[in-house]
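Enquirer: Input sequences plus hints: build the corresponding full structure.
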Amino acid sequence: MINLNRVAREIKTVGLYDLVLQDVQRVVGKNRVSEEEILRALDENPQLLEDYMQTNVEYNLSNIHLRDIDVNDLKDDCKQKAQEVNDNLAKLKELEKYTLDFEQSATLVIIFSIEFFVLFSVQYFIVLLNLKDWQWWIYGVFASTVAIAYWYGKKQSRLYAKNKKIYDALYMQTLGLIEDLEDAGCIKKSALMIEECEEHV
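Under numbering that gives the first Met the number 0, think of the first position of the sequence shown as 0, with each following residue one higher.
Note that these hints are calculated values from the structure, not bench results. You can trust all of the hints, since none of them are fake.
Calculated lysine-lysine pairs in the BS3-like style (CA-CA distance at most 30 Å, straight line):
hint	residue 1	residue 2
1	Lys187	Lys74
2	Lys78	Lys92
3	Lys163	Lys11
4	Lys92	Lys11
Distance ranges between label pairs, derived from CB positions:
hint	residue 1	residue 2	range
5	Gln82	Val140	44 to 54 Å
6	Phe115	Glu178	45 to 55 Å
7	Val145	Glu181	47 to 57 Å
8	Tyr151	Glu194	38 to 48 Å
9	Gln24	Lys96	24 to 34 Å
Given the structure is predicted, the values throughout are model-derived calculations rather than measurements. Ideal Cβ positions, reconstructed from N, Cα and C, are used throughout, including at glycine.
Expert: Right, dumping it as structure tokens:
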């Protein structure tokens, strides 16, 4: 459901993907690369496509380059599957944030930021407010926040893993439905491809 021609064009022309472009240039061995060379590099080095997709998820851009199927123009026997594809696409877009590695997610950054804030607050209470008599209680509170943060991080990590599995299964199911609809002559997948990201325009 990803449009590789669009990927190559965006890597070449959109500044958001400059790091991916630099990796492509390193793989190809030259500074000015064509879209065809980018496509070859993506095919030979799947990690480059993963980096592109990771960048999209980090910036809340979708890696699903398909628009919804217009069910009004379809025959009755195609409508149900087409509506199921549309529903699946909506669910996939909701779950897409869970395809990001949890270790690189904003959730983990927020957890660490809160812990640093708590640590500096603890130091403030002890040193600046002269609460040395209470320092073990204050450190105890800090230790409990570390334990809570660790527990919450583990819980979120499991949530990411669970939703990633759901995403992968739904993705494959949706691809199968689209192939069935295309084989039945109900749709043309190429007509559903989104050629340009509106956020980049």
